[in-house]
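Colleague: Spelled out, the chains give:
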Amino acid sequence: MSAVLPTDHGVWQRQSLQRHVVHRRDDGLAETLLLVEGLRCANCVLRLEKALTALPSVKRVRINAASRRARVVWADDRASLQTLLDCVERAGYQPLPLEAGALDDARRDESRAALKRLLVAGFGAMQAMMYASVLYVGAIDPLGEATRALFRWIGFLIAAPVVLYSAQPFFAGAMRALRARHLGMDVPIALAIAIVYGASLIAAISGHGEVYFDSVTMLVFFLLIGRYLEMRARHRALDLTDALARATPTVAQRREADGRLQPVAVSELRAGDRVQVDTGALVPADGVSESPACRVDESLLTGESRALERAQGEPLIAGSLVLDGPVTVRVERTGAETTLGGIAALVSRAQAERPQLARAGERAAAHFVSLVLVLATLTAVAWALLNPASGLTAVVAVLVVSCPCAFALAVPAAITRTLAVLADRGVLVTRPDAIEALAGATHVVFDKTGTLTDGLHLGSIELMNTPAGATGEAVAPDDPAAHEALGLAAALARESRHPISRAIAEAAGGRVVAQADAVESRAGDGVAAIVNGRRLRLGRRGFALAAINAADVAAASTWSRGGAVLADDIGPIAVFHCGERIRSGAVDAIASLRAQGMTIEIASGDAPARVAGIARQLGVDHWQGGLLPTDKLARLQELRAQGARVVAVGDGINDAPVLAGADVAVALADGTDMARAASDIIIAGERLDRLAESRTLAQTTLRLVRQNQRWAVCYNLIAIPLAATGFVPPWLAAIGMSASSLGVVLNVLRIGRRRSRHKSPSGKQDDLASA
Amino acid sequence: MNILLLMIPLSIVLLIGAVVAFFWAVDHDQFDDLETPGLLPLTDDPPGDENRDE
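Listed in order, the protein sequences are those of chains A and B. Just so we're aligned: the first sequence equals residues 1 to 771 in our numbering. Just so we're aligned: the second sequence equals residues 1 to 54 in our numbering.
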């Protein structure tokens, strides 16, 4: 993300602003939700929690590291929102108050409800099993009829909350599916639960036949475990709304009619307003520049890697970073109508339209359960013809022994295991389906700026005033002739954080450089300082040559354009030209993906010439430059129309639509929130090469899932005929059911085993950082 | 066997108690963050120390 300047939280004192973000609770306290930038690990959470609770007015703090949200309840008659924000900032984090509407946390509610259901089912399953085992033992060592009846009714009592409360999601899902007139996974499961429970109830009332309360509770418990694991993985995804909130500022400086600057909420801005944007701040809305000239960085929005010059009357887009302000912007479009809002809309549309990947595992399980229901019906018909009295028992035995839970668990257990192994290796998967899609992918489309490249490196140095008098001679940075110029430039470059300065300082490496004195840094222009008694300037041409007379400057205009100029009071010394630096590991990543038989493409919003250069260096034949987000999405759809399954890798806001529309979307952990919110897989650190490794693992997972399913089919081929003919007593059915589920779970533990289990000390930190 | 008539209801009451306690814990944020509290004893910076060590 862009650097965020220390913010003045005083603007939040205004009631009209506070109204949006502070919720008044029934008990008179105030509650607010902060999005906290910089929260990376459990340790940060602790530190922030400590800092906030140290404030006397704060009553309660809840911080979620995964969603980076802090919920604070405090007495606002004793401390202002500003105090709170300042406290967060002093602890070293950037707080951003979210709209009060975000306080109803749908994910939290869902996760809590699921946990409660799971626990009730777990308790119920254990208890029911305990009481059922008495009945099973009684089958060998007969109990009195009264005792048997007692245990049946206790079983019924225990199973009731499990079926009526814990299994609710299955019944609700089945109802939804039936109303939509299609058979999902939930219909057969709900039917099986209802039949087994109903039949056992009839048996308990009538006093003969078998009860299966233990099996039905266990079935619900196992199925809920699968659902719970899946939900946990899903909740790790970043919220798109949060991402959008972070890409735009919340407060803008509006120029009032009387010329004063007034801080207002961005949501209050209207077309025609004039706002002032300072250096390093984000443009709050789409508009037109009214300042003579300025430079903006749109790299996150468009993929354009160079700073753009914007003259008076030229458009500025919301979310771009102003490099040399202040700029006055006349607002033209706000909120959802801005370019950024349009990209966000494109993201949500592409996500909604993404072909729902038929989940092979779930589909197989649904088929399987339907098949079992058909078999059970056949059994019922056969027994009705032969011996109606014991028909129901055999039908229920078929339903229980067939154990759909081995099937239902096969996929979630394998996926969860894979997610854990990948997280350990710094790859965070937020959409579990992505595992299946990744295993079958055929194409990879990379974004360039920020994905394949990260920052700049010093390409060549043009020497102007060498002792030999040579002019315009371009040499490599490690050429001895450039040694002196590079050393002088590095002394100045160390004083600046501009990307070009950093590239120069890096090229100078560990070389001893002179100390720069009287350093004067001008944002957007360059650095001036005294080095070894010489007055030097490094930066834009106009700035560096300011002390030199006009004739020399005119002569200098024949040099190749661009680059940072180093000059002293006599004349120019050298020009430093930068190229984009290829991300470490990108070359390996592309090589290993290609070795797996995948086709690699580069689709970038940057100028075609620069894209071509990078593509050549990486040996990628298919590339396209100058693409808008919609063009990228179109290219992706074209590939998919040809039957390709596409993995998209990106980091910028302009990549978000293409990520949302891809079969598998991969974002880098240091990319924009928008890209991360739109993606399925987030790679921590700079390890692009993890992608190929993850694909191999995904393929292993799918193989194991299929193996588990084949295994479950074999088991059922033996068990179902026995159950249908009435040879399987309930205790054997219960054992068969749990043993097959256990087998499935043990089998998936093999995922990720073969590799040596070496783990970097920062491994855990990595995956938290990207959570 | 009559002791069963006492013990079984007792176990069910205990079970209900356990479920109620768990529901209370879930509703009071006890399960929202399962990672941070585990690290609590490992931090040794005194309260009020706001230096970041990353």
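Since the hints were derived computationally from the structure, they do not count as laboratory data. Positions of the beta carbon are idealized from the N, C-alpha and C atoms, including for glycine. It cannot be assumed that every hint is accurate.
EDC-like, lysine to aspartate or glutamate: derived pairs with alpha carbons at most 16 Å apart [claimed, not checked]:
| id | chain 1 | residue 1 | chain 2 | residue 2 |
| --- | --- | --- | --- | --- |
| 1 | A | Lys59 | A | Glu37 |
| 2 | A | Lys50 | A | Glu89 |
| 3 | A | Lys59 | B | Asp29 |
| 4 | A | Lys59 | A | Glu49 |
| 5 | A | Lys59 | A | Asp26 |
| 6 | A | Lys50 | A | Asp86 |
| 7 | A | Lys116 | A | Glu89 |
| 8 | A | Lys50 | B | Asp27 |
| 9 | A | Lys116 | A | Asp76 |
| 10 | A | Lys116 | B | Asp32 |
| 11 | A | Lys59 | A | Glu110 |
| 12 | A | Lys116 | B | Asp29 |
Partner residues are not named here, just some residues of chain B that face chain A (Cβ under 10 Å, in silico) [to be verified]:
| id | residue |
| --- | --- |
| 13 | Leu4 |
| 14 | Leu10 |
| 15 | Ser11 |
| 16 | Ala18 |
| 17 | Val19 |
| 18 | Phe22 |
| 19 | Asp27 |
Colleague: When the hints from earlier in the document are held up against this structure, which numbers fail?
Modeller: Hints 1, 7, 8, 9, 11, 14 are the ones this structure does not satisfy, whereas the remaining hints hold.
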